[in-house]
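**Student:** The chain contents come next:
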Amino acid sequence: MLLIACPYCGPRPEIEFRCGGEAHLSRPAEPAALDDQAWAEYLFYRNNVRGVQAERWVHSHGCARWFNALRDTVSDSFLTTYLMGQPRPDPSSARN
Amino acid sequence: MRGLQRRGGVARHDAVAWGYARAADALGVDIIQNCEVTGIERRASGAVSGVETTRGRIGTSRVGVVAAGHTSVIMGRAGVRMPLESFPLQALVSEPVKPVFPCVLMSNAVHAYISQSDKGELVIGAGTDQYTSYSQQGGLHISAHTLEAICELFPQFSRMRMLRSWGGIVDVTPDRSPIIGKTPIPGLFVNCGWGTGGFKATPGSGHVFAWTMAKGEPHPINAPFTLDRFRTGRLIDEAAAAAVAH
Numbered sequence: 001m002l003l004i005a006c007p008y009c010g011p012r013p014e015i016e017f018r019c020g021g022e023a024h025l026s027r028p029a030e031p032a033a034l035d036d037q038a039w040a041e042y043l044f045y046r047n048n049v050r051g052v053q054a055e056r057w058v059h060s061h062g063c064a065r066w067f068n069a070l071r072d073t074v075s076d077s078f079l080t081t082y083l084m085g086q087p088r089p090d091p092s093s094a095r096n
Numbered sequence: 001m002r003g004l005q006r007r008g009g010v011a012r013h014d015a016v017a018w019g020y021a022r023a024a025d026a027l028g029v030d031i032i033q034n035c036e037v038t039g040i041e042r043r044a045s046g047a048v049s050g051v052e053t054t055r056g057r058i059g060t061s062r063v064g065v066v067a068a069g070h071t072s073v074i075m076g077r078a079g080v081r082m083p084l085e086s087f088p089l090q091a092l093v094s095e096p097v098k099p100v101f102p103c104v105l106m107s108n109a110v111h112a113y114i115s116q117s118d119k120g121e122l123v124i125g126a127g128t129d130q131y132t133s134y135s136q137q138g139g140l141h142i143s144a145h146t147l148e149a150i151c152e153l154f155p156q157f158s159r160m161r162m163l164r165s166w167g168g169i170v171d172v173t174p175d176r177s178p179i180i181g182k183t184p185i186p187g188l189f190v191n192c193g194w195g196t197g198g199f200k201a202t203p204g205s206g207h208v209f210a211w212t213m214a215k216g217e218p219h220p221i222n223a224p225f226t227l228d229r230f231r232t233g234r235l236i237d238e239a240a241a242a243a244v245a246h
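Those protein sequence lines, which keep their order, are chains A and B. Using my numbering, you'd call the opening residue of the first sequence number 1 and step up by one each time. Using my numbering, you'd call the opening residue of the second sequence number 1 and step up by one each time.
Looking at chain A on its own, in the form it has when it is part of the complex:
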């Protein structure tokens, strides 16, 4: 089980959280302006990174707030967690 540092509540066990998948996917401002492939890329296509991934988590059995995290998908270790709306940190400086 992972130990996840909620930016609001501190380190808590994984079973208090839900993972929301890849982060920094923004809904296109004008969906009607996209062709079908671009819309499919937004809905369904994912980087599915083997390495450092930015992803969303929600502390559903805690503060119920969403935040982002950088996690290495090979070791499962978290490099850092950060607030929604903040840019993706540089992985090399994020290790904690």
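No lab work stands behind these hints, which were simulated from the structure alone. For clarity, every value in this text was computed on a predicted model and none was experimentally measured. All C-beta atoms, glycine included, are put in the ideal place defined by N, C-alpha and C. One or more of the hints may lead you astray.
Label-pair distances were calculated between CB atoms; the ranges are [said to hold, decoys possible]: (1) A:L3 <-> B:A21: 38 to 48 Å; (2) A:L34 <-> B:G46: 20 to 30 Å; (3) A:A38 <-> B:G206: 32 to 42 Å; (4) B:K98 <-> A:S93: 53 to 63 Å; (5) A:S77 <-> B:W18: 51 to 61 Å; (6) B:G79 <-> A:Q86: 26 to 36 Å; (7) A:R65 <-> B:E95: 43 to 53 Å; (8) B:C35 <-> A:L34: 32 to 42 Å; (9) A:H24 <-> B:G79: 14 to 24 Å; (10) A:C9 <-> B:H141: 13 to 23 Å; (11) A:R27 <-> B:A109: 30 to 40 Å; (12) B:I236 <-> A:P28: 24 to 34 Å.
Here are some chain A residues pointing at chain B (derived, C-beta under 8 Å) [as the list claims (entries may be wrong)]: (13) H24; (14) Y45; (15) T73.
Starting from the known structure of chain A, fit chain B onto it as the hints suggest.
**Tutor:** Relative to chain A, chain B alone:
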């Protein structure tokens, strides 16, 4: 919901793999193990011209990618992004005991999956972790969840000791059905997205994939299972077909 499938059975997965490998070898197929694909080479036209590996280059105009949980990684070598996410799926095996469990039991309601192998080991299937991972191990609470359900249903198994556990990486599509077919790159074909299932589909999957690669067009059976369905919106409405919670 419950059911008993009297004709149901198990196949020994190692023996199936060995059988296919021996038959393929007898037909002249070269099977090169411990050889990683490091690149997929393309012509100026965009079509595939070969693969680079840790043991050298193989020139070819057709490549079939069948890489299970690492499909996104391999397809990335050709610059193709996929509608896939990879998760660890855990299984564990107990010490061997005399025959005590002459069936396969699966419960979605409490998430239990158990059978007994010919060697006498209890074979237990647990679930996937909630996050994507290539760690080849899963969280302990995932297997504990299944073991609790099994011990609740069969208290006599509560004293069994587990010998080993592992996590295989499974690639999951948005509609939970596989992708078997062409890709945007001429000569590059993919058979992936089988998720937590796929073993029992091996013969059929291999047959229609070979057809697709030989003819450049899908067999009628795999025609709906295109990569393109995520663009057209014609998803496969069979998310529950495997009867396992993905």
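**Student:** Taking the hints in turn, state whether each one holds.
**Tutor:** Checked hints:
1. A:L3 <-> B:A21: 38 to 48 Å: Once the Cβ atoms are compared, 42 Å apart, the range 38 to 48 Å for A21 (chain B) and L3 (chain A) holds.
2. A:L34 <-> B:G46: 20 to 30 Å: 23 Å, holds
3. A:A38 <-> B:G206: 32 to 42 Å: 34 Å, holds
4. B:K98 <-> A:S93: 53 to 63 Å: This hint holds: roughly 58 Å between Cβ atoms.
5. A:S77 <-> B:W18: 51 to 61 Å: 37 Å, violated
6. B:G79 <-> A:Q86: 26 to 36 Å: 29 Å, holds
7. A:R65 <-> B:E95: 43 to 53 Å: 45 Å, holds
8. B:C35 <-> A:L34: 32 to 42 Å: 40 Å, holds
9. A:H24 <-> B:G79: 14 to 24 Å: Because 20 Å falls inside the window, the suggested range holds.
10. A:C9 <-> B:H141: 13 to 23 Å: Since C9 (chain A) and H141 (chain B) have Cβ atoms about 19 Å apart, the given range 13 to 23 Å holds.
11. A:R27 <-> B:A109: 30 to 40 Å: The hint (30 to 40 Å, Cβ to Cβ) holds, given that R27 (chain A) and A109 (chain B) are roughly 36 Å apart.
12. B:I236 <-> A:P28: 24 to 34 Å: The hinted range 24 to 34 Å holds for I236 (chain B) and P28 (chain A), with Cβ atoms some 25 Å apart.
13. H24: Constraint on H24 (chain A) not satisfied, violated at 15 Å.
14. Y45: This hint holds: Y45 (chain A) lies near chain B, its Cβ roughly 5 Å from the closest one there, short of 8 Å.
15. T73: 5 Å, holds
Figure legend: structure checked against the earlier numbered hints; hints not met, in rising order: 5 and 13.
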